[in-house]
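Chemist: Work out the full structure: start from the sequences and follow the hints.
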Amino acid sequence: MKTKALLAAGLAATSVLALGACGSSSSGSTASSGSKSSDSGGNQTLAIYAWAGEIPDSVIDGFEKETGIKVTVDTFDSNETMIAKLATGKSGYDIVEPSQYAVQLMVQRNLLDTIDKSKLEGFDNLNTKFVNPSFDADNAHSLPWAWGTTGILYNEKCTGGEITSWSDLWDSKYKGKIYMLNNMLSAYIAGLQVQGLSATTTSQADIEKATTKLLEQKPLLAGYNSDNYADLVGSGDACIAEAYSGTTAAKAVQANQDVHFIMPSEGGTLWTDSFSIVNGTKNQTAAYQWLNYTLKPEVAALLTDDGSLATANSAALDQIKNEDLAKSPAVYPSDAQLAKAEFIVDPGEALTYYQDGWTKVSAS
Amino acid sequence: MSASTATAPARGLRAPARGTLLGYLLLLPAVAVIVLLVIVPMAVIARQSFALSDPLLGGTMGGFTWDNYAKLFDPVYAKTMGYSLGLAALNAAVCLVVGYLLAFYISTRPANRQPVLLMLVIIPFLTDFLVRTFAWITLLGSGGPYVRIARALGFDASSLVPSQFAVIMSLLYAFLPVAVFPIYASMRAIDPSLREAASDLGAGWWQTHRRIFIPLSATGIGSSIMLTFVPTLGVFVIPVLLGGGKDPLVGNLIVTLFTEFRNEPMGAAMSMVVLVLMLASVAVITGLLRLLSIRSNRRAA
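These protein sequences, in sequence, are chains A and B. Per this note's numbering, residue 395 is the first one in the first sequence, and the count goes up by one each step. Per this note's numbering, residue 538 is the first one in the second sequence, and the count goes up by one each step.
Be a bit skeptical, because a hint or two may be false.
As the list claims (entries may be wrong) - Listed next, the stretches of chain B that the computed footprint assigns to chain A, with coverage defined by at least 3 CB atoms under 8 Å from CB atoms of chain A: (1) 674 to 685; (2) 689 to 701; (3) 772 to 781; (4) 790 to 800.
To be verified - In silico lysine-lysine, DSS-like type, Cα no more than 27 Å apart, as pairs: (5) A:K603 with B:K608; (6) B:K608 with A:K569; (7) A:K569 with B:K783.
Please keep in mind that the hints were generated in silico from the structure rather than gathered at the bench. The beta carbon of each residue, even a glycine, is placed where N, CA and C say it ideally should be.
Modeler: Structural data, given as structure tokens:
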């Protein structure tokens, strides 16, 4: 009886130790399995870390079928979470999908590999608007995949008319029916642009003006929400909300003819999420296979058809099957609407001014 | 321990020694899990809370500073802290009242029906926490049953989301089972004849509870307060979804510090402050319980 118990305890202890060993050397284990698979030929794997909802299953399935590479996808919902995980240097991911300012940060931290253009096919398919961006000269570290905007989602039944400007988010008529995105830099887009200031400003005075404006707005708000504002606008619980274009906005617009997504007359902002190769990956070949696969027009078109998101691939536009989505302003705002949209970049050292302001706004 | 083994008779000397060794061995997996998953991460956070932050890239740069704690004295953080403590206390109080009544009700049902009632309390919790929170949006939001029923009765009702009421309802719902179980456990141990005796002696409902049930289930009540108050301090989804996210809780603040603000050291400092507050509240509650039991022991003596 006692020996049995002892044995059990010993077993439990060893299993705990084994578990601990696994946890502390996850990158090591990936490396060893990688070399093993290259010995036996085939049986390759690719680990992707991407924004939730930005890689449709159809894209993954197609890639696995074509290449025989086994794909695992983990998702994140903020760039900061993703960077924190990669910064450990042992994430085990091969491909990652940062947003524009995150690319900047990650290049500074040496987390991304340089992309060898000679290994790419179909780079010319990309929309020139997103090629050679300010945050990553010559696309040295990132290939644009999805793009979207920050604008306004509103319910016409509730607002009683057309909405054209950020200033409508400060209209006391809609008191208690206004939502702002629950994200510091997104909230400041509206706070800055509504006063004719640039959303990418690093000037302390400008940022303080925006803080005052946001403090002024808070009593009018129903809340800060980045999760279910589209449902709230759809149901009429909210009249007007600062919103991201893409999946949820497109669904809300499709489901209810009173719901509209617009870019404000002050400009709004543009974002892109790009594929990058994680520095130090052991699966270089598979990583380039992924980049080339996602550059194909028919694959990039699936992002709109199955993900309700805008693709950064110009050649893909003809291949989109769902006409409604291809025409929806909640997915593809017109060039006229995008004319004044600003590209959000990392605020750098000015981040502290935003933080000081946002702390005040949060606690007011 | 060693003193008692030394004075033990020779015959029993080996057995307890082997017993303790076996005991420690059996404890090893649990201790290892606690050390690896609780102590080590907490030590890392404690270390980080004194580190310098890397203002550009986030993360820590090592070094030693008290700044991260000093900055928390900003009235802005104090206000959030106060609000969180207040909400946690309110939730603990509401859970206690409802949990106590529910536990009393269940413990006074026939023995064969009690497990069924307890199961009914648990079953909703097999669904995901987030799904249950969204359910409250539907229940209290416009077009939901609350608004429809109130309008059918002729009241001018509108959506209760977002509101503080919705936050409290959802918190109560989320924490009710952990409030019910400890109280139920201590009530089960109370001799039912005491209740009959109380009513024979003319005690009313309130007197029976004040003089018999509450003192005798004090341990359960104490743990119930602890199990609801402490975790409420860490909640951050409910205030955003049901409260509109205009009044952040400490949990929200820590998330913001770690992510958007790229200030891990300050987030770590805030976490340490919350940890100390939680430990302090546990100490206060256990202290009160001990005091209570000493007093009742004295009275009994």
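Chemist: K608 of chain B and K569 of chain A were given as a pair; does the straight-line alpha-carbon distance stay at or below 27 Å?
Modeler: 34 Å, violated
Chemist: Holds or violated: K603 of chain A and K608 of chain B, Cα atoms, limit 27 Å.
Modeler: At roughly 23 Å apart (the allowed maximum being 27 Å), K608 of chain B and K603 of chain A satisfy the hint.
Chemist: Are there at least three residues in the region 790 to 800 of chain B whose beta carbon sits under 8 Å from a beta carbon of chain A?
Modeler: holds (count 8)
Chemist: K569 of chain A and K783 of chain B were given as a pair; does the straight-line alpha-carbon distance stay at or below 27 Å?
Modeler: 14 Å, holds
Chemist: Has the region 772 to 781 of chain B got at least three residues whose CB is nearer than 8 Å to a CB belonging to chain A?
Modeler: As far as the region 772 to 781 of chain B goes, the hint holds, because 4 residues have Cβ atoms under 8 Å from chain A.
Chemist: Check, residue by residue, whether the region 674 to 685 of chain B contains three or more positions whose beta-carbon lies closer than 8 Å to a beta-carbon of chain A, and give the verdict.
Modeler: holds (count 4)
Chemist: Please check whether the region 689 to 701 of chain B has three or more residues whose CB lies within less than 8 Å of a CB on chain A.
Modeler: holds (count 3)
This entry does not satisfy hint 6, going by the numbered hints stated previously; all others are met.
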